[in-house]
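Asks: Just so you know, the sequences run in chain order A and B. For the record, in the first sequence the residue sitting at position 168 is 168 according to the numbering used here, with numbers rising by one throughout. For the record, in the second sequence the residue sitting at position 311 is 311 according to the numbering used here, with numbers rising by one throughout.
Honestly, the hints are just simulated from the structure, not real lab data. Please note that a few of the clues may not be correct.
The calculated DSS-like cross-link candidates involving lysine-lysine, where the alpha carbons are at most 30 Å apart (straight line), are [as the list claims (entries may be wrong)]:
no., chain 1, residue 1, chain 2, residue 2
1, A, Lys178, A, Lys56
2, A, Lys302, B, Lys16
3, B, Lys56, B, Lys177
4, A, Lys56, A, Lys12
5, A, Lys94, B, Lys16
6, A, Lys62, A, Lys16
7, B, Lys177, A, Lys302
8, A, Lys12, B, Lys56
9, B, Lys39, A, Lys39
10, A, Lys56, A, Lys16
11, B, Lys206, B, Lys62
12, B, Lys174, B, Lys206
13, A, Lys16, B, Lys206
14, A, Lys56, B, Lys94
15, A, Lys12, B, Lys206
16, A, Lys16, B, Lys177
17, A, Lys206, A, Lys247
Beta-carbon label-pair distances, calculated as ranges [what the hints assert, rightly or not]:
no., chain 1, residue 1, chain 2, residue 2, range
18, B, Ile291, A, Leu289, 52 to 60 Å
19, B, Ser6, A, Pro275, 50 to 58 Å
20, B, Val18, A, Leu288, 56 to 64 Å
21, A, Ile55, B, Ser175, 39 to 47 Å
22, B, Glu283, A, Ile55, 39 to 47 Å
23, A, Ser142, B, Glu283, 44 to 52 Å
24, B, Glu95, A, Glu228, 44 to 52 Å
25, B, Asp287, A, Gln193, 32 to 40 Å
26, B, Glu13, A, Thr294, 32 to 40 Å
Ideal Cβ positions, reconstructed from N, Cα and C, are used throughout, including at glycine.
Number of protein chains: 2
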Amino acid sequence: MIDELSALRLIKERFKNVSESVSLGIGDDAAAIKIHPEKLLLATTDSQVEDIHFIKELISAKDLGRKSVAVSVSDIGAMGGVSKFFLVTVGFSKEEDQEFLEGLMTGFQLGEEEFELELIGGNLSASRELFIDVTVLGEVESHIMVKRTGARAGDVIYLSGTVGDSALGLKVLKSGKKNEKDPFLISRHISPQPRLALGRELAERKLVTSMIDVSDGLILDLERITGEQGLGAEINVEKIPISPYYKDRIFDFASEPYELALSGGEDYELLFTSPKEKTREVEEISDLLSIKITEIGYVTSKLPVRVLDSDGREIKTHKRGFIHFR
Amino acid sequence: MIDELSALRLIKERFKNVSESVSLGIGDDAAAIKIHPEKLLLATTDSQVEDIHFIKELISAKDLGRKSVAVSVSDIGAMGGVSKFFLVTVGFSKEEDQEFLEGLMTGFQLGEEEFELELIGGNLSASRELFIDVTVLGEVESHIMVKRTGARAGDVIYLSGTVGDSALGLKVLKSGKKNEKDPFLISRHISPQPRLALGRELAERKLVTSMIDVSDGLILDLERITGEQGLGAEINVEKIPISPYYKDRIFDFASEPYELALSGGEDYELLFTSPKEKTREVEEISDLLSIKITEIGYVTSKLPVRVLDSDGREIKTHKRGFIHFR
């Protein structure tokens, strides 16, 4: 059981706001911050709920703290923005102790340093189960902001990195049967790396018409930037970038090789659309940042979103991604 | 059980952002808003967790939704600021159904209208128990912002309205024994009214040195603006403003008449300190807004915070307020 007063003391000790943009940090009714007068303020919130988003035995308090921050930061990155501040709400169950609290705070600090944020406020509560809700505030120049809604028919669909690793990493963790190849997959699940530099670079150079981070599964997130806008898409399943670790391990957990790559969420890769004439510039950025960027298909003028095999036949996908309520 | 997709559809239907300051509302990775270039951005977050902050049988979905917004708005008001936007995270348990969802959304809409806010984002999740976390963003001119930290020895301590009603209302609700006098007490608990106009007026006229909304109990919140700053306070228990309804009912639930007034939280009244020479101006505002403002004591140069009876003898208070983890 965690004592609220000592938890608050620990937070105040560990998070001392120093930057000039924080007029008033933790400890008052609200935080007061300075936002760049010519930029838009970005705001997003995301939560991690015990047994829904994580299983306490499979992730350390430190990793859970960092990941809670990373997933919200990823949303700001997918707009082409820069994250600046965060607020954290934690509902502690009776099971958490002082050691857990300190680990979680260390995780928040890691997130703070890695993503150049400042913790400006939050809220602690008791709860039957553990939950963490992180709100991240950021900034973006309005003329470069990338929305989910700008794709046009004919645009090329790109995906950074590889997908399916995180979902497969979770399966490995749950099975308890790790082998020497699995640290990569597990780390993709436990310590996701939002593609902040890539999102920012693509936005600044105005190379993309829409962008989203793959948090709920490739197909579901692809539908958000195409289908929900009344557009369709065709992607080629064999072009979907998977890692060698994924390739080695997928058949231990699934009969369809691409199932988790298509539907498993939490890779936090960037999925984006670009006009065809920007191909060379997208490749340049891939080289510049040493991030693999793969062309996986293109936007069509009408629904649906279709996944094709190498012969151009449509593959029926059953699991379209992570729906939280099922 | 609530279906996530239909929940999202309902939210998009009900909350269509229209104001010019919202560049991008619900439905993208993050919301994008315009903040006044010369003002500070205020940010606060507060949560309502089942069985900790509310009991589902004792509050309707609509009231719960409105209250979740009201308590965060109150924090912005206590800084002298104006609330503008909010984000909502809800963790739905298996017990909630479509009717509950619609009631909750109606409650958020009531909060939106009453407090002149716009919903700009949020997050839905499954959860073992119901929880709601509301982040409110607002604005304040930096030269009038009121912090918790500005009280000086000799300042007068004021309290708006009456205290103890909400905590007593909760006891009435829990007992199941309502009588004709209780709608007031119950409504103080279920539908708190943050003192936004008062907070703003006091800040604009620069009449206060520190201010806080009474959410966790009078003594605990008084310690936050005095004791935590290294100052003390003396308040007179007989001056503490209580309502006639409280007076009539308190002995049905407590042996000490002032216990709940001193320690029961959630009245969302404003507790503030002002220099002695501002007394007349504070009274003027009380008349102007028709809000009772009571002088309950004064700030002293050193700890502790003392509660005195009419003969000047110190009263030992046991329950100093609502500590969430006990």
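Asks: State for each hint whether it applies.
Replies: Status of each hint after checking the structure:
As the CA atoms of Lys178 of chain A and Lys56 of chain A are separated by approximately 18 Å, the hinted pair is consistent with the 30 Å bound. Of the supplied pair hints, the one linking Lys302 of chain A and Lys16 of chain B holds, its CA atoms being roughly 25 Å apart against a limit of 30 Å. Among the hinted pairs, Lys56 of chain B with Lys177 of chain B is consistent with the structure: their alpha-carbon atoms are about 18 Å apart, no more than 30 Å. Taken as a hint, the Lys56 of chain A and Lys12 of chain A pair is honoured in the structure, with Cα atoms around 26 Å apart against an allowance of 30 Å.
Proximity of Lys94 of chain A to Lys16 of chain B is assessed by CA-CA distance (about 40 Å); at most 30 Å being required, the pair is judged violated. Under the criterion of a C-alpha separation no larger than 30 Å, the hint pairing Lys62 of chain A with Lys16 of chain A is consistent with the structure, at around 19 Å. Taking the CA atoms of Lys177 of chain B and Lys302 of chain A, the gap is about 61 Å. The hint is violated against a cut of 30 Å. For the given pair, Lys12 of chain A sits about 33 Å from Lys56 of chain B by alpha-carbon distance, which is inconsistent with the 30 Å threshold.
The straight-line distance between the Cα atoms of Lys39 of chain B and Lys39 of chain A is roughly 13 Å, inside the 30 Å bound, and the hint therefore holds. Taking the CA atoms of Lys56 of chain A and Lys16 of chain A, the gap is about 29 Å. The hint holds against a cut of 30 Å. Proposed proximity of Lys206 of chain B and Lys62 of chain B is contradicted: the alpha carbons are some 36 Å apart, above 30 Å. A distance of roughly 41 Å separates the Cα atoms of Lys174 of chain B and Lys206 of chain B; the hinted pair therefore is violated under the 30 Å criterion.
Between Lys16 of chain A and Lys206 of chain B the alpha-carbon distance is near 28 Å, which keeps this suggested pair within the 30 Å criterion. A C-alpha spacing of about 21 Å is found between Lys56 of chain A and Lys94 of chain B, which places the hinted pair at or below 30 Å, so the restraint holds. Under the criterion of a C-alpha separation no larger than 30 Å, the hint pairing Lys12 of chain A with Lys206 of chain B is consistent with the structure, at around 28 Å. Of the supplied pair hints, the one linking Lys16 of chain A and Lys177 of chain B is violated, its CA atoms being roughly 48 Å apart against a limit of 30 Å.
Straight-line distance between C-alpha atoms of Lys206 of chain A and Lys247 of chain A comes to about 34 Å, which puts the hinted pair past the 30 Å bound. At roughly 58 Å, the beta carbons of Ile291 of chain B and Leu289 of chain A sit within the given window of 52 to 60 Å. With their beta carbons about 35 Å apart, Ser6 of chain B and Pro275 of chain A fall outside the hinted range of 50 to 58 Å. For Val18 of chain B and Leu288 of chain A, the hinted distance range of 56 to 64 Å is not satisfied, since their beta carbons lie about 41 Å from each other.
For the hinted restraint 39 to 47 Å between Ile55 of chain A and Ser175 of chain B, the CB-CB distance of approximately 40 Å keeps it satisfied. Remark: the range hint 39 to 47 Å for Glu283 of chain B to Ile55 of chain A is contradicted by a beta-carbon distance near 59 Å. The beta-carbon spacing between Ser142 of chain A and Glu283 of chain B, approximately 47 Å, falls within the hinted interval of 44 to 52 Å. Between Glu95 of chain B and Glu228 of chain A the beta carbons are some 30 Å apart, a value that contradicts the proposed interval 44 to 52 Å.
Checked against the hint of 32 to 40 Å, the C-beta distance between Asp287 of chain B and Gln193 of chain A comes to roughly 60 Å, which is inconsistent with it. Distance hint check: the CB atoms of Glu13 of chain B and Thr294 of chain A are about 37 Å apart, consistent with the given range 32 to 40 Å.
Of the numbered hints stated above, those contradicted by the structure are hints 5, 7, 8, 11, 12, 16, 17, 19, 20, 22, 24, 25, listed in ascending order.
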